[in-house]
Structure formats: C-alpha cells, structure tokens
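Colleague: Spelled out from the first residue to the last, the chains are:
Protein chains: 2
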Amino acid sequence: MEQLPAPFIRVINALKRLPGVGEKTATRYAMQIFDEGRTYIDQMIQALSDLAEKVTLCPVCNNLAEGGLCTICSDPQRDRTVICVVKDIRDLAAMEKSGTYNGLYHVTGGLISPLRGTMPGDLSLDAIKNRCTADPNIKEVIVTLDATVEGDTTAMYIKETLKGLDVRVSRPAMGIPTGTDIGYLDGLTLSRALRDRKNI
Amino acid sequence: MEQLPAPFIRVINALKRLPGVGEKTATRYAMQIFDEGRTYIDQMIQALSDLAEKVTLCPVCNNLAEGGLCTICSDPQRDRTVICVVKDIRDLAAMEKSGTYNGLYHVTGGLISPLRGTMPGDLSLDAIKNRCTADPNIKEVIVTLDATVEGDTTAMYIKETLKGLDVRVSRPAMGIPTGTDIGYLDGLTLSRALRDRKNI
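If you're matching them up, the sequences are chains A and B in order. Numbering-wise (this note's numbering), the first sequence opens with residue 1 and increments by one. Numbering-wise (this note's numbering), the second sequence opens with residue 1 and increments by one.
For the record, the hints were derived by calculation from the structure and aren't laboratory data. Any given hint could turn out to be false.
Identical chains share a label here; the pair holds if one copy fits it or two copies do between them.
Stated by the list, open to error - Here are the simulated DSSO-like pairs of lysine-lysine, each with C-alpha atoms no more than 30 Å apart in a straight line:
hint: 1; residue 1: 16; residue 2: 54
hint: 2; residue 1: 97; residue 2: 24
hint: 3; residue 1: 87; residue 2: 54
hint: 4; residue 1: 16; residue 2: 163
hint: 5; residue 1: 24; residue 2: 139
hint: 6; residue 1: 16; residue 2: 87
Make the full structure from the sequences, and use the hints.
Modeller: Dropping the structure here:
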C-alpha cells in the first residue's frame with residue numbers, strides 16, 4: 001500500500017466501507033476505476049452527486065424518491081386499500097419483482113432488535129398506525145418481514161399498534177419454499193408448514 | 001428496478017462495471033452509499049476526482065504516480081541495478097508486501113495472450129530493453145510474471161528482447177503454484193520463490 005499514491009488510497013478507503021468489501025476487493029475496484037479512465041470516473045462522480053442531491057425518502061412510505069412522493073405512492077394505478085410493510089428497499093424491490101402485489105408500501109428501515117440496540121423508536125413503525133387512521137380507505141396491512149426472531153417481534157409490535165383499528169393485519173404464509181428438497185429443510189419451517197397445511 | 005429513482009439507477013449502472021459486480025451487488029452498494037449519507041458521498045466524489053486528476057502512470061516503470069516519477073523510481077534507497085517485471089500494480093503491491101525486494105520495477109500492463117488478442121505491441125515490453133540500454137547500472141531483470149502459459153510466453157519474449165545485453169534475465173523459482181495469480185500469493189511463498197530465482 002505504501003507505494004500507492006495518496007488519492008488512490010483514499011478511493012480504496014472509501015470503497016472499503018461498502019458491504020463485504022475488504023482491502024483486496026477495494027484495491028481491485030480502484031484499479032478498475034483507474035483503468036476505465038476519465039469518462040467513467042466523471043460519470044460515476046455525476047451519478048453520486050445526483051444521488052446525494054436528488055434522491056430523498058418518500059415522506060409517506062420511506063421508499064426512495066426524487067423529492068416529493070415516490071413513484072409507487074404517486075401512481076394512481078396502485079391499490080390504495082392495502083399497505084405492505086417491508087424492512088428495506090431491497091425487500092420492496094423483491095416484492096415488486098414477484099409481480100403479484102399492486103398495493104402501497106411502508107419501509108420500516110429495519111427490525112426491532114434489542115441485541116443490536118434497535119428499538120421501535122429507531123424505526124418507522126408508529127407511522128403505519130398514523131397512515132391507517134389518516135386514510136380510512138386502508139383495509140389491510142400485510143407485514144412482509146423476515147421469518148426471524150427480529151421479524152416476528154417487529155410483526156407483533158405492529159399488530160399491537162394497530163389494535164382497535166378496522167384494519168386486517170396479515171403476514172405471508174410460512175411454509176416450504178418452491179423448489180426445495182424437504183430433506184434439507186430446517187425443522188421449524190417444516191413444522192410451521194405442517195401446522196398450516198391445506199386440503200388438496 | 002423500475003420503481004427506483006433515475007439517479008439511483010445511474011449509480012447502480014456505474015458500479016456494475018466493477019469486476020465481479022452484478023445487478024444485486026451493485027444495488028446493495030448503492031443502498032449502502034445512500035445510507036452512509038452526504039458526507040461519505042462527498043468524500044467518495046473527492047477521492048474519485050483526485051484519482052482522475054492527480055494519479056498518473058510513472059513514465060519510467062508504469063507504476064501509479066502523482067505526476068512525474070513514482071515513489072519507487074524516485075527513492076534513492078532502492079537498488080538501481082535490478083528491475084523486477086510485473087504484469088500489473090497488484091502484483092507490484094504483492095512484491096512490496098513480501099518485503100524481500102528492494103530494486104526497481106517495470107509494469108508490463110498485462111501478459112502476451114494471442115487468444116485474448118493481447119500482442120507484445122499492446123504491452124510495455126520493449127521499454128524494458130530501452131531501460132537496460134539507457135542505464136548501464138542495470139545488471140539483472142527478474143521476470144516475476146504468473147506461472148501460466150501467458151506468463152511463460154511473455155517471459156520468453158522479454159528474454160529474447162534482452163539477448164546480447166550484459167544483463168542477467170532471471171525468473172523466481174518454481175515454488176509459485178502453477179495457475180496462481182501472483183496478486184493473491186502469500187508473502188512467504190513469494191519471497192522463497194524470489195530467493196531461488198534461476199537464469200532463463
């Protein structure tokens with residue numbers, strides 16, 4: 001490292017903050033960036049500067065937006081009677097990719113995790129109740145959070161906050177994922193799938 | 001993707017040009033960059049802009065430099081009788097890390113590979129001969145290229161160009177496992193291989 005120019009090392013250090021990127025990967029990326037040349041670096045700088053200046057969080061659902069409402073909240077074609085609660089934008093993107101959901105979203109920004117110090121107040125959870133009370137059209141909240149202890153805890157918290165409102169609170173079915181060999185399934189998944197078995 | 005803001009997608013597209021980075025990893029990186037916030041993005045922009053403006057290639061050895069000669073070529077403490085030929089800066093960094101070499105370098109920019117269309121003229125190979133003829137102090141050229149077909153071919157080419165000069169042309173001992181990228185080798189293997197270098 002000591003023989004590398006200081007600006008090069010600063011790029012490596014910036015890249016090292018990306019998830020799963022260590023010294024070696026960051027150096028490889030920095031080499032590639034340098035090799036791609038001026039035009040590419042300028043594109044990257046422009047994109048990053050637009051990201052910082054133009055991309056905001058939707059004030060309603062916390063999805064990414066360009067000022068104002070996000071494309072989903074402002075889309076008149078979406079079903080405005082249902083809100084899908086997800087922990088982050090990646091989960092939202094996975095939902096959109098599945099192509100089966102046409103309602104609104106609410107991004108919590110994470111899951112309740114006392115171990116990691118993430119408490120309900122750190123997340124956008126109470127805002128879900130506010131949205132339901134402010135808009136009588138909302139009939140259902142689908143809590144699409146991870147099937148983990150944190151996800152379960154957060155789902156229970158959301159259910160509690162919505163108590164007394166005329167809103168159905170649901171969660172996607174737990175069960176055997178498509179294409180899975182039952183021999184490799186964990187016991188909890190299998191027992192949940194068995195418990196919720198359906199007639200065929 | 002279609003629900004993401006345009007500047008966000010432009011960052012993803014720029015990141016996708018990094019080696020081994022696909023759509024999913026680029027999206028994860030872009031999320032992280034956005035989450036880190038304005039200060040981090042500004043640091044990254046500054047580092048990239050410095051990289052484009054200040055980092056150049058050393059006119060003598062092709063190592064990275066900040067204008068003029070690189071830190072190694074301009075270091076009076078280095079042994080100026082020997083040149084180590086490496087294919088890229090990562091290999092140079094691996095050599096430096098091993099701590100056993102104190103001479104000069106020459107970065108070829110790649111290996112001869114007719115299959116990939118990389119011919120001797122595309123690389124900085126003839127410049128090695130020019131350096132040796134211009135500087136009578138140079139007594140040895142250590143060809144530290146990958147132990148692959150391309151590395152062997154390039155080593156042979158370099159040996160040919162140096163024929164007739166009073167310069168020892170050597171290669172680190174076999175000890176480098178065949179098919180291994182030098183950039184990923186541990187320092188001990190590399191320093192042992194250097195100690196046992198042989199004439200070619």
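Colleague: Can you tell me if residue 16 and residue 163 fall within 30 Å by alpha carbon in one copy, between copies, both or neither?
Modeller: The answer is neither: 44 Å in one copy and 45 Å across copies each exceed 30 Å.
Colleague: When no copy is specified for residue 97 and residue 24, does a C-alpha distance of 30 Å or less occur within a copy, between copies, both, or neither?
Modeller: Result: close only across copies, 13 Å inter versus 33 Å intra.
Colleague: For the identical chains here, do residue 16 and residue 54 meet the 30 Å Cα criterion within one copy, between copies, both, or neither?
Modeller: Both ways: residue 16 and residue 54 sit 25 Å apart in one copy and 21 Å across, limit 30 Å.
Colleague: From the Cα coordinates, with 30 Å as the cut-off, is the pair residue 87 and residue 54 best called within, between, both, or neither?
Modeller: within (23 Å within a copy, 41 Å between copies)
Colleague: Treating 30 Å as the Cα threshold, decide for residue 24 and residue 139: within, between, both or neither.
Modeller: This pair counts as neither: shortest intra-copy Cα distance 51 Å, inter-copy 33 Å.
Colleague: Between the shortest in-copy and the shortest cross-copy C-alpha distance, which are at most 30 Å for residue 16 and residue 87: within, between, both, or neither?
Modeller: Answer is both; intra-copy 25 Å and inter-copy 24 Å each pass.
Checked against the numbered hints given earlier, this structure breaks hints 4, 5; the rest are met.
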